[in-house]
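*Asks:* Line by line, the protein sequences give chains S and E. The working numbering puts the first residue of the first sequence at 10, with every later residue one more than the last. The working numbering puts the first residue of the second sequence at 105, with every later residue one more than the last.
If a hint is listed, it holds; no wrong ones were tucked in.
The calculated PhoX-like cross-link candidates involving lysine-lysine, where the alpha carbons are at most 25 Å apart (straight line), are:
1. S:Lys-162 x E:Lys-334
2. S:Lys-173 x S:Lys-162
3. S:Lys-130 x E:Lys-355
4. E:Lys-316 x S:Lys-162
Derived by calculation from the structure, the hints in this document are not laboratory data.
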Amino acid sequence: MAEQHTNSWQWVASDGYEIPPTPTILALQRWWRSISAQWESDQEDGSAELGQVANSQPLQVDGADGIAALDQYLAEWLSNENDGGSLRWIISPPYSHVKPIAQDWLTANGFEELKIPNRDKLALNQLEGDISITGNGPWFVPELGHAFLRQSKGLRWVRLFFAKALSGELGKGVVICDSWAWQFLQQLWPVSGQQTLTLQAFDSERLRQLGLDRDEHQLKHLAALSRGNLGVACAYSNSSYHKRVGDQQSPFELPTMPVETTDYTAFILHALLLHCGLTQHQLQNVLPIVPPTHLDIELHQLRQCGLIELLKSNWQVTARGYPVVRQALVSRGLLADAF
Amino acid sequence: MENSAASDVAGLFKEMTSTILIEVAAILISAWALVWMSQRILPWLANQLHGKKRLYTLALVPMLRIIILVAALVLIVPRVVEPTIQNMVATLGAAGLAIGFALKDYVSSLIAGVVAIHEMPYRPGDWVLVDGVYGEVKHIGMRTVELVTSDDTVIWVPHLKLWDNLIHNANNGGPSLMCVAEFYIKPCYDAFIIRDALEDIGLTSPYLQLAKPVTVTIKEEPWGTRYRLKAYPIDPRQQFQFVTDLTARGKQRLLELGVEFSQVETTKI
Numbered sequence: 010m011a012e013q014h015t016n017s018w019q020w021v022a023s024d025g026y027e028i029p030p031t032p033t034i035l036a037l038q039r040w041w042r043s044i045s046a047q048w049e050s051d052q053e054d055g056s057a058e059l060g061q062v063a064n065s066q067p068l069q070v071d072g073a074d075g076i077a078a079l080d081q082y083l084a085e086w087l088s089n090e091n092d093g094g095s096l097r098w099i100i101s102p103p104y105s106h107v108k109p110i111a112q113d114w115l116t117a118n119g120f121e122e123l124k125i126p127n128r129d130k131l132a133l134n135q136l137e138g139d140i141s142i143t144g145n146g147p148w149f150v151p152e153l154g155h156a157f158l159r160q161s162k163g164l165r166w167v168r169l170f171f172a173k174a175l176s177g178e179l180g181k182g183v184v185i186c187d188s189w190a191w192q193f194l195q196q197l198w199p200v201s202g203q204q205t206l207t208l209q210a211f212d213s214e215r216l217r218q219l220g221l222d223r224d225e226h227q228l229k230h231l232a233a234l235s236r237g238n239l240g241v242a243c244a245y246s247n248s249s250y251h252k253r254v255g256d257q258q259s260p261f262e263l264p265t266m267p268v269e270t271t272d273y274t275a276f277i278l279h280a281l282l283l284h285c286g287l288t289q290h291q292l293q294n295v296l297p298i299v300p301p302t303h304l305d306i307e308l309h310q311l312r313q314c315g316l317i318e319l320l321k322s323n324w325q326v327t328a329r330g331y332p333v334v335r336q337a338l339v340s341r342g343l344l345a346d347a348f
Numbered sequence: 105m106e107n108s109a110a111s112d113v114a115g116l117f118k119e120m121t122s123t124i125l126i127e128v129a130a131i132l133i134s135a136w137a138l139v140w141m142s143q144r145i146l147p148w149l150a151n152q153l154h155g156k157k158r159l160y161t162l163a164l165v166p167m168l169r170i171i172i173l174v175a176a177l178v179l180i181v182p183r184v185v186e187p188t189i190q191n192m193v194a195t196l197g198a199a200g201l202a203i204g205f206a207l208k209d210y211v212s213s214l215i216a217g218v219v220a221i222h223e224m225p226y227r228p229g230d231w232v233l234v235d236g237v238y239g240e241v242k243h244i245g246m247r248t249v250e251l252v253t254s255d256d257t258v259i260w261v262p263h264l265k266l267w268d269n270l271i272h273n274a275n276n277g278g279p280s281l282m283c284v285a286e287f288y289i290k291p292c293y294d295a296f297i298i299r300d301a302l303e304d305i306g307l308t309s310p311y312l313q314l315a316k317p318v319t320v321t322i323k324e325e326p327w328g329t330r331y332r333l334k335a336y337p338i339d340p341r342q343q344f345q346f347v348t349d350l351t352a353r354g355k356q357r358l359l360e361l362g363v364e365f366s367q368v369e370t371t372k373i
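Just need the whole structure built from these sequences, with the hints factored in.
*Replies:* Put into structure tokens, the structure is as follows:
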């Protein structure tokens, strides 16, 4: 049993991430959904079709095995005292459980947190002093995606950070970065794929090992739908999100994009993913091309569709909405993460 | 003598029976129906897609139409004309004479239309400048190409223009279309600071196609310094909004940096 758990949590170089294969029926459904979205103006409320699956239990994820696997993966690097300036970049797809696991491991191993400036001060061009650490030990950045704004003055700090960190000036460290922010930041400062790591995708077998009690067909659907993202798979595995019992063709009901999806809709969703969530004020600063009244309307519609939610004043894409949003952004040619 | 000529002409054609007439009519109706359907279904389908998929689907429309029409012609001719060499030469000769005198320009446009489908100087979805008109190619007909300008004006340009006009194609069948936002600054400011600020303006535009480079070129003019911010939008249809975004945010950033804009006399640009 212990061996099975170890196998289900596997850390890999980020270019070694293997997206679970998509069953043909799911690919066809996605294609049909994108084609039919234009004329389906009177969408049925998806929740009306939802039912309860007998004996289904929400999946409780215990990150302890993930921490143990990370400990094993980075043990050699951590113990090597001759590479004082080396870095590791942990890439965290949204909802993937990578970030909390990595933060727990880093804290447990005595890494010092490197303070990043407040986002609102980034936009005002008032940076909090220099980039420095107080101790001599290893350090970590809890989320590099919070350290920039895609705005004319919002990239200065992150550029400065890349220059210092990659020169070895800051010493040994680990940077956690959201996968969408990482994809954008790679345009500013490319980093070798050898130094990046992430959790391997959760395919149907790994989901089963985690304790998800579903038949093989549903597990494959879930793995493909979530692209191996554990948090998304968990969101869909909750019983209230299942369609009728016995519906073998489409076991999981997805939220839909608004009927009138414009460039503005796509830009808002893209900005939320690139920045791991934004307040409405920050969103307006990042997207001045979107008139404020349009922004209000778009946010309202996206919330009604279940694609975004407001958490502690921050708008962010929901776990259930993430696969739909990702597909919509990719089909429009916007930059997406690699996971 | 007259009777002999009349019988020669009549000999070119087969005897018109009701069966042949029905077959020809059926072929014509089928061809028309197929063309009609392809001209509606494919553009509709293309508009559900983005980027390359949209452009490739749109490019199928004229190609499919020419295939259908040639196929219809191949099916009709042997049903109407006796397919001997003598008959074909006589028929084509008469047709050539009529075209040469009466329908020269019309047929020239038709032939240019076929050439356009082969050489593809413009395809549906391309942004072209022909004879001073800039717009998106919406439809390639047999005789004309239909452009829609940024002001939503529809303009039909005869394919005939292909023979002796320069065709400027901004994206040439692909999704990449370079846009340029220009800024005119007084010459006394640090050009590299302005260049870096403008590059960040390009990089932070939501319309930007991030896989393509953002560049700024600088040129000294008698009235000041001209900065040209060049970048590619995600979709060619976004070009005007993209330039608007770059210009508005660029101006705002430059004002924050405290630079002054040059007053340019339009005749000197």
